[in-house]
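*Asks:* Chain by chain, the residues:
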Amino acid sequence: MLALVSPALLVILLLIVLPVGWLAWQSIYHDGFTLENYRRVFTEDIYWRSFALTFEISLAVTIIALLLGYPVAYLANSLPKGWSILILSLVVLPFWTSVLVRAYAWLALLQRTGVINQFLRYLDVISEPLALVHNTFGTVVATVHILLPFMVLPLYATMQKIPGDLMLAGASLGASPSLTFVRVFLPLSLPGVLAGCTMVFVLCLGFYITPELLGGGRTVMVSMLVSRNVELYNQFGAASAVAVVLLASVLLIFFVVSRVISLDRILGQK
Amino acid sequence: MTMRQHFGLGCALLGAIGFTTAAGAAEQITFVSQGGAYQAAQTVAILDPSAKKLGITINQDSIPDAWPAIKTQVGSGKPIWDVVDTPTGNCLRGGEQGLMEKLDFSKIPNGAAMPEAYRSPYSVSYEFYSSVLSYSQKTFPKDAPNSWADFWDVKKFPGRRALRNHPFATLEAALMADGVAPDKLYPLDVDRAFKKLEEIKPSITVWWTSGAQSAQLLNDGEVDMEMAWNGRVSAVAKEGAKVAFTYNQGILQSTSLCILKGAPNLDAAVKFLNEAVDPVHQANLPLNIDYGPGNPKAFETSVIKPERAAQLPSEPANASKQALMSYAWWSSPAGEAAEKRWASFMQK
Numbered sequence: 102m103l104a105l106v107s108p109a110l111l112v113i114l115l116l117i118v119l120p121v122g123w124l125a126w127q128s129i130y131h132d133g134f135t136l137e138n139y140r141r142v143f144t145e146d147i148y149w150r151s152f153a154l155t156f157e158i159s160l161a162v163t164i165i166a167l168l169l170g171y172p173v174a175y176l177a178n179s180l181p182k183g184w185s186i187l188i189l190s191l192v193v194l195p196f197w198t199s200v201l202v203r204a205y206a207w208l209a210l211l212q213r214t215g216v217i218n219q220f221l222r223y224l225d226v227i228s229e230p231l232a233l234v235h236n237t238f239g240t241v242v243a244t245v246h247i248l249l250p251f252m253v254l255p256l257y258a259t260m261q262k263i264p265g266d267l268m269l270a271g272a273s274l275g276a277s278p279s280l281t282f283v284r285v286f287l288p289l290s291l292p293g294v295l296a297g298c299t300m301v302f303v304l305c306l307g308f309y310i311t312p313e314l315l316g317g318g319r320t321v322m323v324s325m326l327v328s329r330n331v332e333l334y335n336q337f338g339a340a341s342a343v344a345v346v347l348l349a350s351v352l353l354i355f356f357v358v359s360r361v362i363s364l365d366r367i368l369g370q371k
Numbered sequence: 010m011t012m013r014q015h016f017g018l019g020c021a022l023l024g025a026i027g028f029t030t031a032a033g034a035a036e037q038i039t040f041v042s043q044g045g046a047y048q049a050a051q052t053v054a055i056l057d058p059s060a061k062k063l064g065i066t067i068n069q070d071s072i073p074d075a076w077p078a079i080k081t082q083v084g085s086g087k088p089i090w091d092v093v094d095t096p097t098g099n100c101l102r103g104g105e106q107g108l109m110e111k112l113d114f115s116k117i118p119n120g121a122a123m124p125e126a127y128r129s130p131y132s133v134s135y136e137f138y139s140s141v142l143s144y145s146q147k148t149f150p151k152d153a154p155n156s157w158a159d160f161w162d163v164k165k166f167p168g169r170r171a172l173r174n175h176p177f178a179t180l181e182a183a184l185m186a187d188g189v190a191p192d193k194l195y196p197l198d199v200d201r202a203f204k205k206l207e208e209i210k211p212s213i214t215v216w217w218t219s220g221a222q223s224a225q226l227l228n229d230g231e232v233d234m235e236m237a238w239n240g241r242v243s244a245v246a247k248e249g250a251k252v253a254f255t256y257n258q259g260i261l262q263s264t265s266l267c268i269l270k271g272a273p274n275l276d277a278a279v280k281f282l283n284e285a286v287d288p289v290h291q292a293n294l295p296l297n298i299d300y301g302p303g304n305p306k307a308f309e310t311s312v313i314k315p316e317r318a319a320q321l322p323s324e325p326a327n328a329s330k331q332a333l334m335s336y337a338w339w340s341s342p343a344g345e346a347a348e349k350r351w352a353s354f355m356q357k
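Order-wise, the sequence lines are chains A and B.
With my numbering applied, the first sequence covers 102 to 371.
With my numbering applied, the second sequence covers 10 to 357.
None of these hints come from the bench; they were simulated from the model.
Hints may contain errors.
As the list claims (entries may be wrong) - Some chain A residues near chain B, calculated using beta-carbon distances under 7 Å:
(1) Q212
(2) G317
(3) G318
(4) V321
(5) V331
Because the structure is a prediction, the values reported are computed rather than measured.
Even for Gly, the Cβ is constructed at its ideal location relative to N, Cα and C.
Looking at chain A on its own, in the form it has when it is part of the complex (with noise of 0.2 Å):
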């Protein structure tokens, strides 16, 4: 077993865990050790605002994407077995069209001259365009689209393996469908959603594309410091400890939530 994984552990140690040490290492050591680095993050006002901001962010897209996944990963898992490969092909299918691309299908929709605005003003809904983009909305729009799937398929998963005796024994004792939905349904999918949304959280953290393309320079979020910082001060140390703390809270809210729910649900259902 270990012979047959070795080739992929020595992958990831030196395409992932080398580097990233590496980098780690470079925060704290540049001519000596030196805490500069982090002194500057945990000071300096742009660093704060990056952080919250990028937090509000991933917050909103994780409900957003909740509220939008579950009652589609519900119904996948209640249609016959042909309808739920086709829901479920048309929320993979978007995994075949890169981000950068998907980023630049939301400003062709979006912007003030774009199909939504130019609709709205035909009905004459507005007089005015809106402004959907360039700002954080369009920012968490595009976000929410990307992120889905990734909430989507933990949820069908934890549904997949609810009994549906369950459902026909509580609808025996007399609970309309609705109750048994609330008192057995759903409790029992709950793996699945903190699964769903710690995914969603964490990959919109660090998320770069969206922002850039569709935030109009205001949305700064947490990568687009790291990216700034390899400019500003000419050493990858000050990029990469913005990184680190980035990391580091990822790894806390993981912790926080294999406090409530074992680690194998969220990363690999057994």
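The hints should help you fit chain B onto chain A, whose structure is shown.
*Replies:* Below, chain B alone, put in the same frame as chain A:
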């Protein structure tokens, strides 16, 4: 770092592998620029003719932002690249940090003949572009905005505006809007510039980050006027969009050639550097792309027709209407402090 930069670094590594296997033949160098139509134009105008004339092989590589790779390569002690075409500021701060070879201008006569403002101990200007005021001719069929003061005047020129999400050229534009003459900008009065920018900030719809984005904004009518690079605006105009720009109060910027410290093929690199700024090669560049030659002597050759010259940012009459960016100021401590201040300004 962007995805593209990762890709570029990957290409650099692949290039390194190709390079070691090809070593041993005739003299060769590895030349790095920014890729795309720009590098293709150089290949036709400058790189292929230089290679032929000098009898060397020029291996090409490209990367959108060379700076992180320069740091890494020279830091490792074994750089792969020889000559880099990069924004002049990178050559200057690279020189100060010991990442660039100091040039011996006795071996670079073409560079030595260029005006002092066009070279530094580490670099020679390679090409010029300009940050100009561009506008939609649909919104402004006549009486178009013609100065940064007009751009700042939201009453006289209503409409949506965009600026670059970067202090370079933007601070210069703000000061010109506030009445500073184009040739009296440096050292920049940073406080005054940011104060002036605060004034226009509520009217800026988009702070763009890439040249492609600025072109899209203008092309789709997302904004009515913006600061953009002249080549981007003329490309949009060529495709039929009703857009135009003025060189008046443009900010003339350049990329320069510099040689990495410890470059593997130093001698050939110096020879190439001299050849690359040869007036005739330089004059051929604007025949292939909308950038001006880095060597002003190119305009004295008969290669560039007067009609074409009039469209170019570094043509003497156009250059005289513009401010020449001081990369020396931007890489000074005051310039670096202004760059750091930008992020706080954007977030407020």
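*Asks:* Work down the list of hints and note, for each, if the structure agrees.
*Replies:* Evaluation of the provided hints:
1. Q212: With a minimum Cβ separation of about 5 Å from chain B (threshold 7 Å), the hint on A/Q212 holds.
2. G317: Constraint on A/G317 satisfied, holds at 5 Å.
3. G318: holds, 3 Å
4. V321: holds, 6 Å
5. V331: Holds - the Cβ of A/V331 comes within 7 Å of chain B, reaching about 6 Å at its closest.
Comparing the model with each earlier hint shows no violations; every hint is respected.
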